[in-house]
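Using full-length UniProt numbering, the first residue of the sequence shown is number 1, and each one after it goes up by one.
I should point out that these hints are in silico values taken from the structure, not numbers from a laboratory. Keep in mind that this is a model prediction, so the values were computed, not measured. A virtual CB, placed ideally from N, CA and C, is assigned to each residue, including glycine. Among these hints, one or two may not hold up.
With a Cα cut of at most 20 angstroms, we get these calculated SDA-like pairs of lysine to any residue [said to hold, decoys possible]:
# : residue 1 : residue 2
1 : Lys149    : Pro164
2 : Lys57     : Val138
3 : Lys161    : Thr96
4 : Lys122    : Ile56
5 : Lys57     : Lys161
6 : Lys161    : His171
Between beta-carbon pairs, the in silico distance windows are [stated by the list, open to error]:
#  : residue 1 : residue 2 : range
7  : Pro174    : Lys57     : 30 to 38 angstroms
8  : Val73     : Asp140    : 35 to 43 angstroms
9  : Leu112    : Leu77     : 20 to 28 angstroms
10 : Ile100    : Ile38     : 40 to 48 angstroms
11 : Thr65     : Lys93     : 12 to 20 angstroms
12 : Lys108    : Ile37     : 35 to 43 angstroms
13 : Lys108    : Asp52     : 22 to 30 angstroms
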Amino acid sequence: MKITNYIQKLLGRCMCCYPSQAIPIDKGICKPDTVCIIDYKETIPFVPDIQDGHVIKVYDGDTITIASKLPYVDSPLYRFQVRLKGIDCPEIKGKTEDEIFIALCAKKEMELMVMQKRVTLKNVTIEKYGRLLADVYVNDIYVNGHMLKNRLAVPYDGKTKKPPENWKVYHQQP
Numbered sequence: 001m002k003i004t005n006y007i008q009k010l011l012g013r014c015m016c017c018y019p020s021q022a023i024p025i026d027k028g029i030c031k032p033d034t035v036c037i038i039d040y041k042e043t044i045p046f047v048p049d050i051q052d053g054h055v056i057k058v059y060d061g062d063t064i065t066i067a068s069k070l071p072y073v074d075s076p077l078y079r080f081q082v083r084l085k086g087i088d089c090p091e092i093k094g095k096t097e098d099e100i101f102i103a104l105c106a107k108k109e110m111e112l113m114v115m116q117k118r119v120t121l122k123n124v125t126i127e128k129y130g131r132l133l134a135d136v137y138v139n140d141i142y143v144n145g146h147m148l149k150n151r152l153a154v155p156y157d158g159k160t161k162k163p164p165e166n167w168k169v170y171h172q173q174p
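Sequences and hints are given; from them, build the entire structure.
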């Protein structure tokens with residue numbers, strides 16, 4: 001018998017995944033002499049308590065990277081990718097010249113608004129690719145709404161994207 005299995009039996013705790021936080025066998029899913037298996041669906045995504053940050057990168061019109069600390073003493077400076085909630089901008093690697101042109105316009109507008117500035121995040125969640133999803137504000141200006149108002153983005157509910165047939169025509173409409 002392996003030493004870890006012996007200790008596991010002796011303590012009645014699973015030692016295979018988290019030795020420092022051993023889970024009582026009768027409370028968890030582990031049994032003596034087995035490998036601990038944790039099901040993905042039984043875990044919850046970690047949503048860090050981030051309310052603001054300094055923008056260090058603009059990827060495109062609806063995705064930025066911020067630098068921020070977690071709300072505890074001596075937190076290191078972390079970087080977080082943030083997707084703007086409720087909007088979808090054209091893709092920089094788009095299918096048409098018009099889409100690419102408006103995508104670059106959207107990115108430039110985002111850079112002018114937020115690059116190297118402190119932003120406030122509200123209604124923070126995690127989206128399907130693991131990025132933070134948030135309403136973003138800079139100097140009390142609602143950035144998500146600004147992108148929609150200037151027709152550099154369309155509304156997006158996180159499901160099926162509904163881009164306009166022609167981004168350039170859409171952008172130029174009053």
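To see whether the hints hold, each was checked on the structure:
In summary, the hint linking Lys149 to Pro164 is supported, as the alpha carbons are separated by about 15 angstroms, within the 20 angstroms threshold. Between the alpha carbons of Lys57 and Val138 the distance comes to roughly 15 angstroms, so the proposed pair stays at or under 20 angstroms and holds. About 16 angstroms separates the Cα atoms of Lys161 and Thr96, which keeps this hinted pair within 20 angstroms; it holds. The suggested pairing of Lys122 with Ile56 holds, with an alpha-carbon distance near 19 angstroms, which does not exceed 20 angstroms.
With a C-alpha separation of about 24 angstroms, the suggested pair Lys57 and Lys161 falls outside the 20 angstroms cut-off, and the hint is violated. The suggested pairing of Lys161 with His171 holds, with an alpha-carbon distance near 17 angstroms, which does not exceed 20 angstroms. Distance hint check: the CB atoms of Pro174 and Lys57 are about 32 angstroms apart, consistent with the given range 30 to 38 angstroms. Between Val73 and Asp140, the C-beta spacing of about 29 angstroms breaks the proposed range 35 to 43 angstroms.
Between Leu112 and Leu77 the Cβ separation comes to about 24 angstroms, which falls inside the hinted range of 20 to 28 angstroms. Checking the proposed 40 to 48 angstroms range against Ile100 and Ile38 shows it holds: the Cβ atoms sit about 43 angstroms from each other. Taking 12 to 20 angstroms as the suggested C-beta distance range, the pair Thr65 and Lys93 conforms, at roughly 18 angstroms. Under the hint 35 to 43 angstroms, the C-beta atoms of Lys108 and Ile37, about 48 angstroms apart, miss the expected range.
A hinted range of 22 to 30 angstroms for the beta carbons of Lys108 and Asp52 is consistent with their spacing of about 23 angstroms.
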